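Student: Those sequence lines, one after another, are chains A and B. Taken in order, the first sequence gives residues 1 to 242; the numbers are from my numbering. Taken in order, the second sequence gives residues 1 to 169; the numbers are from my numbering.
No wet-lab data here; the hints were simulated from the structure. All values derive from a computational prediction rather than experimental measurement. Every residue gets a Cβ at the ideal spot worked out from N, C-alpha and C, and that includes glycine. One should not assume that every hint holds.
As the list claims (entries may be wrong) - Computed cross-link-like contacts, SDA-like style, restricted to lysine to any residue with a CA-CA straight-line distance of at most 20 Å:
{"#": "1", "chain 1": "A", "residue 1": "Lys232", "chain 2": "B", "residue 2": "Arg51"}
{"#": "2", "chain 1": "B", "residue 1": "Lys13", "chain 2": "A", "residue 2": "Glu221"}
{"#": "3", "chain 1": "A", "residue 1": "Lys232", "chain 2": "B", "residue 2": "Val95"}
{"#": "4", "chain 1": "B", "residue 1": "Lys125", "chain 2": "A", "residue 2": "Arg210"}
{"#": "5", "chain 1": "B", "residue 1": "Lys45", "chain 2": "B", "residue 2": "Thr112"}
{"#": "6", "chain 1": "B", "residue 1": "Lys13", "chain 2": "A", "residue 2": "Arg192"}
{"#": "7", "chain 1": "B", "residue 1": "Lys45", "chain 2": "A", "residue 2": "Lys171"}
{"#": "8", "chain 1": "B", "residue 1": "Lys13", "chain 2": "A", "residue 2": "Lys171"}
{"#": "9", "chain 1": "B", "residue 1": "Lys13", "chain 2": "A", "residue 2": "Ser155"}
{"#": "10", "chain 1": "B", "residue 1": "Lys125", "chain 2": "A", "residue 2": "Lys171"}
{"#": "11", "chain 1": "A", "residue 1": "Lys232", "chain 2": "A", "residue 2": "Arg210"}
{"#": "12", "chain 1": "A", "residue 1": "Lys232", "chain 2": "A", "residue 2": "Ser216"}
{"#": "13", "chain 1": "B", "residue 1": "Lys56", "chain 2": "A", "residue 2": "Lys171"}
Claimed, not checked - One side of the interface only, derived from the structure: several residues of chain B facing chain A at Cβ under 10 Å:
{"#": "14", "residue": "Ser22"}
{"#": "15", "residue": "Leu48"}
{"#": "16", "residue": "Ser64"}
{"#": "17", "residue": "Cys65"}
{"#": "18", "residue": "Met67"}
{"#": "19", "residue": "Arg70"}
{"#": "20", "residue": "Gly72"}
{"#": "21", "residue": "Thr85"}
{"#": "22", "residue": "Met86"}
{"#": "23", "residue": "Phe89"}
{"#": "24", "residue": "Ala123"}
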Amino acid sequence: MVEELGGEITVGVDDPDSLAGLEVLGYEIAKEGTLAGAGLADEVQVVPAIATGKAEGRLSAPAMSKPHVNVVLSIHVPNKSLLNPNLPARFLLRLYRPTALTWLAVSPPLHAVTPWCILNHMVQYFPNHFDASFGALSDATRRGVLEQLGRADASITALAERFHMTLTGMKKHVGVLEQAGLVTTEKVGRVRTCRLGRRGLQEEAAWIERYRQLWSARFDELDNVVEELTRKERVDARKKRT
Amino acid sequence: MHERREREAPPTKNDTTVERKSELELVVTRTVNGPARLVFEAWTKAELFRRWWVPKSYGLTLLSCEMDVRVGGQYRLVFPHEDSTMEFFGTYLEVTPHSRLVWTNEEGDDGTTITTVTFEENAGKTLLVVHDLYPSKEALDSGSMGAMPEALDQLDELLASLGSSKETR
C-alpha cells in the first residue's frame, strides 16, 4: 500500500530556476533527539528508494532579504508501518541535484502522525548558500580542493601545485568556494591559508558518520556471531565435564 | 552453570569510532564482548564472516565469500550489483592467530589499500582496531571522499562500495 506524504521545505535561493532538476532522493526517519549535527545517529531508520517525489518550486512573497521558494514535496511511503504514529519522529528530507550537492532538511518533530494523509510541514532548511553551493560543486577541481581541505588546511600556492594550476586559476576557484561558504581563507603575511568552511565540514562529518554507521551495524552483527560462539563453547565445555 | 548465566550482564552495544588519522589512513575501533580467540574466528571463517560483514539491515546479500586465511592466501567477496556483480578481492599478508590480520584490497584501480585488523583482549572483551591505509590521496579521493556529493545518491551503491573492508575505496 502506498501512502503519500507531503511536506514543505523553504529554501532561500536567488533564482527559482535553479530548482529545476531537484529531486527528492529519499527520506529518513529518526527518533527525536537522535540527530547528530549533519550526520545521522544510529537510530536513524533509512528508507531508501522511495524517492519518487519531485520538488516543485514556487516563489513566495520575498519577505526576507532573499527570495524564498517553498518546495512542496510528495513522498510515497510504501509501507506505513515505517512511520510509527506512537513514536515521535523527525523527517529528514534528503534532496539531490544531479550536478551537485546533497543536503539535508529536517522537519519539526512529527508527533502522532495520523491519519496517513498529506502533511503540511514546514521543513527547516540549513540556511542558504544553496545556489552558490551548486555552482561551486559543479567543478571537479573545486570538489578536489574541498576534499583536500577536508584532510588538511592548505595555502593557495600548495593547492595550485597540487592541481597543476596557475596561482591565478586557483585563486578563482577558491574565490567561488569562499563565496559559497564552503571555504574560508585567512591571510597571514604573504600566505593565504584555506580551510573548510562550516558547510564543508558538515559534509565531511556526514560522510564519516555514514561510514561509522556501516561499521556499527556490521559490528552489531559480529556481536551476535561471537555471542553464539561463546555460548556454544560453554555448552561444549559442560558436555566434556559431564 | 545456571547461576553463572544469571549473573551475566545483559549484552550492551559498544561504541564504534571512526577517525581519519591522516590523508591516507582511516581507523575504526570497537570493542566486542568476547575473547579474541572467538572474535578472530568470526573474522577468519568464511561461514561466520559472511554473517556479519554485510549487515542485514542494509538489505544486501553476499553471493559468495571465499577466504583462504593464511599468508599469501586469497579472499574474494561477490556482491550483486545492479544487473551484474561486484567483486572485492585481495591477499592475506599477515595472519597471526587471535591478534592480527593484514590483507590487501586489490579490486580498485588506484592501487592497493592495505587493511590491518588487530585484536586486543582485555578482561574477556576484545578491542578491534581496523586500519585502512590507502595507496594515495587519489585513491581515497576516488573512493571514500567521492562519497562526498555523489555517493549519497544511491544507498545500495554506497553499500556496494562499502561492502568489503576496503570499502572506502
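Student: Taking the hints in turn, state whether each one holds.
Tutor: Now for the hints, and whether the structure bears them out:
no. : hint                 : verdict
1   : A:Lys232 to B:Arg51  : holds (17 Å)
2   : B:Lys13 to A:Glu221  : holds (11 Å)
3   : A:Lys232 to B:Val95  : violated (25 Å)
4   : B:Lys125 to A:Arg210 : violated (26 Å)
5   : B:Lys45 to B:Thr112  : violated (23 Å)
6   : B:Lys13 to A:Arg192  : violated (45 Å)
7   : B:Lys45 to A:Lys171  : violated (53 Å)
8   : B:Lys13 to A:Lys171  : violated (48 Å)
9   : B:Lys13 to A:Ser155  : violated (43 Å)
10  : B:Lys125 to A:Lys171 : violated (52 Å)
11  : A:Lys232 to A:Arg210 : violated (34 Å)
12  : A:Lys232 to A:Ser216 : violated (24 Å)
13  : B:Lys56 to A:Lys171  : violated (47 Å)
14  : Ser22                : holds (8 Å)
15  : Leu48                : holds (5 Å)
16  : Ser64                : violated (18 Å)
17  : Cys65                : violated (14 Å)
18  : Met67                : violated (15 Å)
19  : Arg70                : violated (21 Å)
20  : Gly72                : violated (26 Å)
21  : Thr85                : violated (20 Å)
22  : Met86                : violated (16 Å)
23  : Phe89                : violated (19 Å)
24  : Ala123               : violated (14 Å)
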